[in-house]
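The lines below spell out each chain.
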Amino acid sequence: MRRRRSLGIPLAAAVLLLAMPAAPCFAQEVTVRAQAQPMRVEEGDQVTLAIEIAGESLDQVPPPDLSQIDDFQILGGPSSSTRFQWINGRTSSSKTYTYLLRPRHAGSLTIPSLGVLVHGQTLRTRPIEIEVLRAGGLRSPAAPPPAGSMQGGGPGVGPGVGGPGLPRPGARQPGGAGVPEVRVRSEVDDHTVYVGQQLTLRVFLDTQTQILNLGLQDPPTFPGFWAEEIKVPENLEVKRVQIGNAPFNEYTLMKRALFPTSTGSLTIPPMSYQIQVRRLSQDPIESFFFTPTETVVRRTEPVTVNVLPLPAAGKPSGFSGAVGSFNIAVTADRASSQVNDAIGVKVRISGEGSLNALGASPLPELSDFKQYAPKVASTVAIQNDRLRSEKIWDYVLIPLAPGAQTVPPITLSFFDPRKKEYRQISSPAIPIQVARGAERAGAPAPAMNQSDVRQVRQDIHYIKLAPRGLVDRSRPFYRSTLFALLVLMPFAADLGLLVYARATRDPTHAGRRLRRERRARGRARRRLKEARRRLAPATSRAFYAAVAQALTEYVADKFDTAAAGLTHQRIEELLAGAGAPDALRADYHRALEACDYARFAPTSSIGEEMQRTLQAAERILVALERSLPG
Amino acid sequence: MNRRFARGALAALALVAIDLRAARASTPEELFAKANSSYEEGRFEEAADTYGTILKYGLKDPRVLYNLGNASFKLGRLGPAILNYERALRIDPSDLEARDNLQLARARIRDRAPEAEIPFPIAAIQGALQILAPDRMAVLFLIAWVAASALGGSFLLARTETRRQALGYLLLGGATLVLLAGLGLFVTVRMNLEPVGIVMQDRVDVRSGPAEDNTILFTVHEGTRLQLHGRREGWFQVSLPNALSGWIPSASVEAV
Numbered sequence: 001m002r003r004r005r006s007l008g009i010p011l012a013a014a015v016l017l018l019a020m021p022a023a024p025c026f027a028q029e030v031t032v033r034a035q036a037q038p039m040r041v042e043e044g045d046q047v048t049l050a051i052e053i054a055g056e057s058l059d060q061v062p063p064p065d066l067s068q069i070d071d072f073q074i075l076g077g078p079s080s081s082t083r084f085q086w087i088n089g090r091t092s093s094s095k096t097y098t099y100l101l102r103p104r105h106a107g108s109l110t111i112p113s114l115g116v117l118v119h120g121q122t123l124r125t126r127p128i129e130i131e132v133l134r135a136g137g138l139r140s141p142a143a144p145p146p147a148g149s150m151q152g153g154g155p156g157v158g159p160g161v162g163g164p165g166l167p168r169p170g171a172r173q174p175g176g177a178g179v180p181e182v183r184v185r186s187e188v189d190d191h192t193v194y195v196g197q198q199l200t201l202r203v204f205l206d207t208q209t210q211i212l213n214l215g216l217q218d219p220p221t222f223p224g225f226w227a228e229e230i231k232v233p234e235n236l237e238v239k240r241v242q243i244g245n246a247p248f249n250e251y252t253l254m255k256r257a258l259f260p261t262s263t264g265s266l267t268i269p270p271m272s273y274q275i276q277v278r279r280l281s282q283d284p285i286e287s288f289f290f291t292p293t294e295t296v297v298r299r300t301e302p303v304t305v306n307v308l309p310l311p312a313a314g315k316p317s318g319f320s321g322a323v324g325s326f327n328i329a330v331t332a333d334r335a336s337s338q339v340n341d342a343i344g345v346k347v348r349i350s351g352e353g354s355l356n357a358l359g360a361s362p363l364p365e366l367s368d369f370k371q372y373a374p375k376v377a378s379t380v381a382i383q384n385d386r387l388r389s390e391k392i393w394d395y396v397l398i399p400l401a402p403g404a405q406t407v408p409p410i411t412l413s414f415f416d417p418r419k420k421e422y423r424q425i426s427s428p429a430i431p432i433q434v435a436r437g438a439e440r441a442g443a444p445a446p447a448m449n450q451s452d453v454r455q456v457r458q459d460i461h462y463i464k465l466a467p468r469g470l471v472d473r474s475r476p477f478y479r480s481t482l483f484a485l486l487v488l489m490p491f492a493a494d495l496g497l498l499v500y501a502r503a504t505r506d507p508t509h510a511g512r513r514l515r516r517e518r519r520a521r522g523r524a525r526r527r528l529k530e531a532r533r534r535l536a537p538a539t540s541r542a543f544y545a546a547v548a549q550a551l552t553e554y555v556a557d558k559f560d561t562a563a564a565g566l567t568h569q570r571i572e573e574l575l576a577g578a579g580a581p582d583a584l585r586a587d588y589h590r591a592l593e594a595c596d597y598a599r600f601a602p603t604s605s606i607g608e609e610m611q612r613t614l615q616a617a618e619r620i621l622v623a624l625e626r627s628l629p630g
Numbered sequence: 001m002n003r004r005f006a007r008g009a010l011a012a013l014a015l016v017a018i019d020l021r022a023a024r025a026s027t028p029e030e031l032f033a034k035a036n037s038s039y040e041e042g043r044f045e046e047a048a049d050t051y052g053t054i055l056k057y058g059l060k061d062p063r064v065l066y067n068l069g070n071a072s073f074k075l076g077r078l079g080p081a082i083l084n085y086e087r088a089l090r091i092d093p094s095d096l097e098a099r100d101n102l103q104l105a106r107a108r109i110r111d112r113a114p115e116a117e118i119p120f121p122i123a124a125i126q127g128a129l130q131i132l133a134p135d136r137m138a139v140l141f142l143i144a145w146v147a148a149s150a151l152g153g154s155f156l157l158a159r160t161e162t163r164r165q166a167l168g169y170l171l172l173g174g175a176t177l178v179l180l181a182g183l184g185l186f187v188t189v190r191m192n193l194e195p196v197g198i199v200m201q202d203r204v205d206v207r208s209g210p211a212e213d214n215t216i217l218f219t220v221h222e223g224t225r226l227q228l229h230g231r232r233e234g235w236f237q238v239s240l241p242n243a244l245s246g247w248i249p250s251a252s253v254e255a256v
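Same order as they appear, the protein sequences are chains A and B. In this text, residue positions in the first sequence follow my numbering: the first is 1, and each later residue adds one. In this text, residue positions in the second sequence follow my numbering: the first is 1, and each later residue adds one.
Here chain A stands alone, though its shape is the one from the complex (with noise of 0.2 Å):
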């Protein structure tokens, strides 16, 4: 905010302080004062805090530190005006800095004393005591309290208390001594909006005096809103008004096209001006040669709206999102082509409310055509203060067919909020006649551009019927009798074999040779395991007579005869009679009798010695495996 300074003519200056009552500061004294306006107040009303420093050259006095008011909140400020005199030869200068609080809470509070920072020495004001009343304590508008002066003789801040009596329409706003009557207020054009659907918030400046020049304290937020600025003209229009008896003038500061994003109570916050306007003075010289100016804070009101979600009633299945009112137009560049010849189609969608939310392309996938990625294009535009959108997607497609091709109709689903219900709308179908490609007399057709058959859109699979019955499932097969018998009579049918099997074995002798001879190489090879666990000199005993019997046992088993009657001879004999050959039959019987004299004639037998009898034995027992019949 611009501070403006009204600076005073010599002569001019000379008329005035016949007019001042008495002269606030002599040379090189400097005096501080604190002066606050009202004095009572309501709780939540504003009171405009001036403190006041006189004296010579006041250009680098520092605003005061504020920091020591716990019970009020500062709303705004500081504002500064300065004022010359010049009195008989000498100037004096005041510089006044201006505050607008808000009383945190009732009861009788404390402005405390105030320190300035005047040619390096701080001066101090006086307490100020403000009384608050609780809301609705303070009933007449029509005597506001006087200003309260903390320090005597001097003139106020404002020439004169209340002004020329004007009307309090708003309590809230504190009219200061001589401030004129300026308010700011917010208005929306509806307070109960869908979310999504534009609301109008306008931002007016009534006041019956000369607005010099104003700005916003802070930019303007709006949350839970999406907000697009409705420009208002650079010279603000002017209205006249009515505010219940007096004629008032209306500025339009600020238009704003809103759109709640979220549902619910929203409130959007008030918004503070810094106002400079021509001061009412009742003196008619000060206000023929000078424009006396005051710069007034001033706030809006928070305005509260209640958004509603879009009802979930009729809500198309391909809702778009969008809110408004909107028409779709799509057109083709021409009805016909050929294959492999570019068409153009444009779809245009446009209307009353945002676009935002539609995303998607709205041409489908087509089977027939080549699509490329579409040109999109959105403009928003304001007319009457409505936003107007319009989204214009641009299509390649190259048709890939010959034949009657159609571009589907584009539908478009939106919530219309005056009619608070949803809407379909749909563009025709636009026939294109795709012919075959170029031909020349007598040259081959141009190969067809191939292109694989693409799935455009996904479904369920149909429904299953039945056509020879329903069959009940409840059951699984697993868990059936049926199920149980067929494991249990394999089982039972191998169970009645081996018990049939053993009830039949041949009892004569001959079934009792064969199961002897079957096993006679499984007790040869448990002898050997016995041999070789003892495989040591002190064991060599034991070790000589397992081998012996392995290689002796196994041809009593073989041949079905007693093992203690089998002498070497009949060794010799019953292995001949079977046809095993001579040489084994010679290695058979140097193994044994090679046992037989470790056995009987204990010589120091090493265990090279006895590792190399047993593997003999070893060798013997499996060629003998294999020349005799099984």
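Keep in mind that a hint or two might mislead.
Said to hold, decoys possible - Partial selection, computed: residues in chain B whose CB lies under 10 Å from chain A: (1) 35; (2) 36; (3) 64; (4) 98; (5) 156.
These aren't lab readings, by the way, just hints derived from the structure by calculation. Cβ atoms here follow ideal geometry from the backbone N, Cα and C, with glycine treated the same way.
Since the structure of chain A is provided, determine the placement of chain B on it from the hints.
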């Protein structure tokens, strides 16, 4: 007077005719045909009701479950759709159409199905077993079992050593097959009986314990598949494949 009487009689006849038709459509097959024609005409609500009536008869045919899933899907009820596809697949896991539809329905629910990390070979075996219904596995097992038993019988009856040896080897192979088929049957049956539930409400909070005053751990939405672990008065203990677990009111979940 006469004409009025005639008109009244006609109306009465028409009413009787309608009544008869309704009464006639009472065998499950007729109800099925009726539900199918409702579906074909786009009256999905009616179709779903009629399929439900067939199931109330206690007749569990996978086609009825599948069609009910379809009708629910068309009505936008993803929870019942997924539940019925799952139930149909329990009976007939080889139904690829039900599998496709289930996949499509799952793709539309709010919660993305968290995938547990399963190494490839196990996942492949699981996939193969999923296609094999326990009933098919049971038939395979029976075939292997009967064959092995026959081999066992022949072994018992074999008289010569060579024949016994050959049959012994075959029997070993047969027993291995029986073991594998039995294992397969066991796994498929277990998979089939795995306690699983589908969330049937728009959104349900999963809490740290079986009471309303427990902390909300996470929220699941309609159609999400949950493993059911325990049950306590009105609450299920559930978990997701990514190991998130908690308690959920049993009214909001339907067991497959």
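Each hint tested on the structure:
1. The restraint placing residue 35 of chain B at the interface with chain A holds, with a minimum CB-CB distance near 9 Å, inside the 10 Å limit.
2. Given hint, residue 36 of chain B at the interface with chain A, holds; its Cβ is 6 Å from that chain's nearest Cβ, closer than 10 Å.
3. The beta carbon of residue 64 of chain B comes within 7 Å of a beta carbon in chain A, closer than 10 Å, and the hint placing it at the interface holds.
4. The beta carbon of residue 98 of chain B comes within 8 Å of a beta carbon in chain A, closer than 10 Å, and the hint placing it at the interface holds.
5. The closest approach between the C-beta of residue 156 of chain B and any C-beta of chain A is roughly 5 Å, which is under the 10 Å cut-off, so the hint is satisfied.
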